[in-house]
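Each chain, written out:
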Amino acid sequence: MNRRGLVIATGALALSFFVGGSVAYNAQQARRAREIAAARSEALVRSHSPVLGPPNAPVTIVEFFDPSCEACRAFYPPLKQIMGLFPNDVRLVMRYAAFHDGSDAAVKILEAARLQDKFVPVLEALLKFQPEWADHSGPVMEKAWARAKEAGLDVDQAKRDITRAEIQTALDSDTRDSKSLEITRTPTFFVNGQPLTDFGPQQLYEMVRREVQKAK
Amino acid sequence: MTNSSTLPDPEGRWSLLYLAWLIAIVASFGALFIGEVMGQTPCSLCWQQRAFMFPLAIMLAIACFRADTAVWRYALPLAALGAAIALFHSLLYAGLIPEGIQPCSQGPSCASAEMTILGLLPLPYLSLAAFLAIALALFASKSKAKS
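Chains A and B, in that order, give the protein sequences. Our numbering puts the first residue of the first sequence at 1, with every later residue one more than the last. Our numbering puts the first residue of the second sequence at 1001, with every later residue one more than the last.
Certain hints may be false.
Computed from the model, here is a short list of chain A residues facing chain B with C-beta under 8 Å [said to hold, decoys possible]:
1) R3
2) R4
3) A9
4) T10
5) A12
6) S16
7) A27
8) F86
9) F129
10) L171
No lab work stands behind these hints: they were computed from the structure. All C-beta atoms, glycine included, are put in the ideal place defined by N, C-alpha and C.
Okay, chain A solo, but in the shape it has when bound (with noise of 0.2 Å):
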């Protein structure tokens, strides 16, 4: 073989390595992933969680979720739009995975909520002005809290609310969770206790899909 055949055949097969390489590295990361979910199950579902949806839904969307994160977000859409296409087999329940600064503040206004019977007009309001309140150079939650009174919070009986010991436990609880089941990421999503391992939206609509049908 000439020296530009060597080059060529070497690039080439450095950039099969790598392909390869990722391919399986990433094959490897889901089988773990669905092992962890499989041995800890009893870790994905609390009493304690927010469900939105039919409580004794067929398919359980587990979602890991921040809510200063960016990609909780914009996967907020499309979700609302999956448990629309299956309003009675579907049901969400929302841990708690307050990786970010202030995203423990935040959760706490998500607690609250729920105590006052407001929790998805809050949380879509917070989602919604994420940008505004949940600032890089560090949060601002005064502006979540206007931003949540606007969707029809009482922030004072909240500020009151969000010092109970059991918001604080439910937190811990979700934290904890988290960590056993090696939540690096947020969003996380399990179908039916199967984790989402190719993340994106259409990915969890086939999933969600797949698993209705097995119920029905």
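Chain A is fixed; fit chain B onto it per the hints.
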């Protein structure tokens, strides 16, 4: 002198270039794999080393293809500067330079214990070894030209 791609390489100059290029592509793809596939965010010093390693992988590929042994004039400064940054990073990682003066205010810490592959080999040392090996190979390809 070996100017054509098919001529023999009695002084081993082309082989040295090829060796330098091999190290550069292994290092470049390795960095991409750790960053993009394994999802380990590069710290700011890692980014600066990437800025010197990636061009080496491309420049040396073209030089090997064209059997252009004059490339050391362009590639050696890149390798030397990359090695200097890697040396600084290694000293930081080893704790010989206090972490307080590191320029990594955001993102992952450059001195964190997570800067390893498979939990064993520290990435700053690997980077330093790669830059030094490339620099040595390039330097050797240069000195043989004089003899």
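Interface hint compliance - A27(A) to chain B, C-beta minimum distance less than 8 Å
At 12 Å from the nearest chain B Cβ, A27(A) fails the 8 Å test, so the hint is violated.
Report holds or violated for the interface hint on A12(A), using the least CB-CB distance to chain B and a cut-off of 8 Å.
Status violated, d = 11 Å.
Min Cβ distance, R3(A) to chain B: is it shorter than 8 Å?
This hint holds: R3(A) lies near chain B, its Cβ roughly 5 Å from the closest one there, short of 8 Å.
Hinted contact A9(A) with chain B - closest CB pair below 8 Å
violated, 12 Å
For the hint on R4(A), just tell me whether its beta-carbon gets within less than 8 Å of chain B.
holds, 5 Å
Is the interface hint satisfied for S16(A)? The criterion is a beta-carbon contact with chain B at less than 8 Å.
violated, 11 Å
Grab the minimum C-beta distance from F129(A) to chain B and call the hint holds if it beats 8 Å, violated otherwise.
This interface hint is violated because 24 Å lies over the 8 Å limit.
Is the shortest C-beta separation between F86(A) and chain B less than 8 Å?
violated, 31 Å
Checking hints one by one. Is L171(A) an interface residue toward chain B, by the C-beta closer than 8 Å rule?
This hint is violated: L171(A) lies away from chain B, its Cβ roughly 25 Å from the closest one there, beyond 8 Å.
Let's test the interface hint: is any C-beta of chain B closer than 8 Å to that of T10(A)?
holds, 7 Å
Against the hints set out earlier in the document, violations occur for numbers 3, 5, 6, 7, 8, 9 and 10.
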